[in-house]
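A.B. asks: Order-wise, the sequence lines are chains S and C.
Here the first sequence is numbered in my numbering, starting from 1 and rising by one per residue.
Here the second sequence is numbered in my numbering, starting from 1 and rising by one per residue.
Incorrect hints may appear among the rest.
Which stretches of chain S does chain C cover? Using the computed rule of at least three CB atoms under 8 Å from a CB of chain C, they are [unchecked claim]:
#1 29-35
#2 47-61
Chain C residues, not near chain S, derived (Cβ > 12 Å throughout) [as the list claims (entries may be wrong)]:
#3 14
#4 15
#5 16
#6 17
#7 24
#8 86
Taking lysine to any residue and the SDA-like style, the derived pairs with C-alpha atoms no more than 20 Å apart in a straight line are [said to hold, decoys possible]:
#9 C:105 <-> S:88
#10 C:105 <-> S:86
#11 S:42 <-> C:41
#12 S:78 <-> S:50
#13 C:105 <-> S:52
#14 C:105 <-> S:40
#15 S:42 <-> C:88
#16 C:61 <-> C:27
#17 C:105 <-> S:39
#18 S:42 <-> C:73
#19 S:42 <-> C:46
#20 S:42 <-> C:75
Hints listed in this document are in silico derivations from the structure and should not be mistaken for laboratory results.
Glycine residues also receive a C-beta, built at the ideal position from the N, C-alpha and C atoms.
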Amino acid sequence: EPEVTQTPSHQVTQMGQEVILRCVPISNHLYFYWYRQILGQKVEFLVSFYNNEISEKSEIFDDQFSVERPDGSNFTLKIRSTKLEDSAMYFCASGVALNTEAFFGQGTRLTVV
Amino acid sequence: AQSVSQHNHHVILSEAASLELGCNYSYGGTVNLFWYVQYPGQHLQLLLKYFSGDPLVKGIKGFEAEFIKSKFSFNLRKPSVQWSDTAEYFCAVNGNSGYALNFGKGTSLLVTP
Numbered sequence: 001e002p003e004v005t006q007t008p009s010h011q012v013t014q015m016g017q018e019v020i021l022r023c024v025p026i027s028n029h030l031y032f033y034w035y036r037q038i039l040g041q042k043v044e045f046l047v048s049f050y051n052n053e054i055s056e057k058s059e060i061f062d063d064q065f066s067v068e069r070p071d072g073s074n075f076t077l078k079i080r081s082t083k084l085e086d087s088a089m090y091f092c093a094s095g096v097a098l099n100t101e102a103f104f105g106q107g108t109r110l111t112v113v
Numbered sequence: 001a002q003s004v005s006q007h008n009h010h011v012i013l014s015e016a017a018s019l020e021l022g023c024n025y026s027y028g029g030t031v032n033l034f035w036y037v038q039y040p041g042q043h044l045q046l047l048l049k050y051f052s053g054d055p056l057v058k059g060i061k062g063f064e065a066e067f068i069k070s071k072f073s074f075n076l077r078k079p080s081v082q083w084s085d086t087a088e089y090f091c092a093v094n095g096n097s098g099y100a101l102n103f104g105k106g107t108s109l110l111v112t113p
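Isolated chain C, as found in the complex (with noise of 0.2 Å):
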């Protein structure tokens, strides 16, 4: 069965540490691969996503993503967090040719000052 798994549900942070969400997913065939993330009391916006090509991904706000084949990963990275990046984080997955995004069950993210 198609499944995505975040592995890290909360994560507290202090500023600039560094942050690395797991990401992994069980699909047949091409797939692509998106992080969303939700701050508080906002929609879900992308912060990044792999289609095909470098397996390292750049998003907005610093963050990237690397595409990991072999070990069915989409790991979400950023050198040093912030307070603003508290929020919600989503990966999600989709086939190449289904309209469905399937969405882990996110990452709660807490960066204390």
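Only chain S is shown next, with the shape it has when bound in the complex (with noise of 0.2 Å):
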């Protein structure tokens, strides 16, 4: 079954340093998407993809993130300047079409110390 697979699955940074988390979406999927969840809240919305731009985002994804599909078949997620409250674990979907299901991967947990 085809999945949507995140690279690395744990990521420790320091404080101030950029960090890119990477997605390989499901191969026929057009939409992209992050999402985000802090330890103990629900998982928040920051972006979404489509025909190489973003068409959606949330107040959080501000000028610090940065989203990009280099290839084919990559789909990363760049933070800059990474602060303490940016540890988080983070979700790449893929979906066919829109309002469809979005197919969720494994998640990177991100600490940022």
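Taking the hints as your guide, dock the two standalone chains into a single complex.
C.D. replies: As structure tokens, this is what we get:
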């Protein structure tokens, strides 16, 4: 069964550093998403990406964040100048069309120290 | 403001007990409704979804949910839970023209033998 894969599963970084979280969406999917879940809180939408551009983003997704689809398979989330409060589980998801189910990856646990 | 509420944060049941998890939403316009499950150490998986049609939706593993438009609710049910249903359950909503899933805070279900 095709699945969304995320690497790494756990990333520890020092405050102020840049991190890149990587995702390989399901191959025939066209819509890509990043969500995050801070420990003890709900899953929050960050950004959606379609046709090589951001289609929607939340208030959380400020200039510190960027997304990219550098080739035909990867979908990355870059977090610049990380802060302690960026520590969270980051989930990538993909969908075949708008308003269909999103398939989630296993997440990357980001710890900023 | 758009919101999703899950009323039960922690539920403990014995095997074979019946389950009902509440989900209410506050959204304008047409919505799509989802229940996701996260088993320990695994990714979010779709249990069931409602877009239109029959408001009683059947999903995987014997789960079902009923969309009651007048109550803005989409409660999840299972007549007889098993130990393997121990997991975190998330209700999610998106507007018909939106990309983002808005998640509830989740309900942690523990099924005891």
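A.B. asks: Just want to verify: residue 86 of chain C was marked as not at the interface with chain S; is every Cβ pair farther apart than 12 Å?
C.D. replies: holds (18 Å)
A.B. asks: Under the criterion that the straight-line Cα-Cα distance not exceed 20 Å, is the pair residue 78 of chain S, residue 50 of chain S satisfied?
C.D. replies: Holds: residue 78 of chain S and residue 50 of chain S sit about 17 Å apart, inside 20 Å.
A.B. asks: Please check whether the segment 47-61 of chain S has three or more residues whose CB lies within less than 8 Å of a CB on chain C.
C.D. replies: holds (count 5)
A.B. asks: Would the non-interface assignment of residue 24 of chain C survive a Cβ cutoff of 12 Å against chain S?
C.D. replies: Correct as stated: the minimum Cβ-Cβ distance to chain S is 14 Å, above 12 Å.
A.B. asks: Would residue 16 of chain C pass as off the interface with chain S, using Cβ distances and a cut of 12 Å?
C.D. replies: Answer for residue 16 of chain C: holds, closest chain S Cβ roughly 30 Å.
A.B. asks: Sort out whether residue 41 of chain C lies within 20 Å of residue 42 of chain S, counting only the CA atoms.
C.D. replies: holds (17 Å)
A.B. asks: Tell me if the straight-line CA distance from residue 105 of chain C to residue 39 of chain S falls inside 20 Å.
C.D. replies: Holds, at roughly 11 Å.
A.B. asks: Mind checking, does the segment 29-35 of chain S have 3 or more residues with a CB under 8 Å from chain C?
C.D. replies: Held - the segment 29-35 of chain S has 3 residues with a Cβ nearer than 8 Å to chain C, which meets the minimum of three.
A.B. asks: Is the Cβ of residue 17 of chain C farther than 12 Å from every Cβ of chain S?
C.D. replies: The assertion about residue 17 of chain C holds, with a minimum of 26 Å to chain S.
A.B. asks: Is residue 42 of chain S within 20 Å of residue 75 of chain C, Cα to Cα?
C.D. replies: Within the cut-off at roughly 18 Å; holds.
A.B. asks: Was residue 15 of chain C rightly flagged as not at the interface, with every chain S Cβ beyond 12 Å?
C.D. replies: Given a closest Cβ separation of 27 Å, the condition holds.
A.B. asks: Hint check: residue 61 of chain C vs residue 27 of chain C, CA-CA at most 20 Å. Holds or violated?
C.D. replies: violated (29 Å)
Violation of the numbered hints given earlier is confined to hints 13, 16; the remaining hints are satisfied by the structure.
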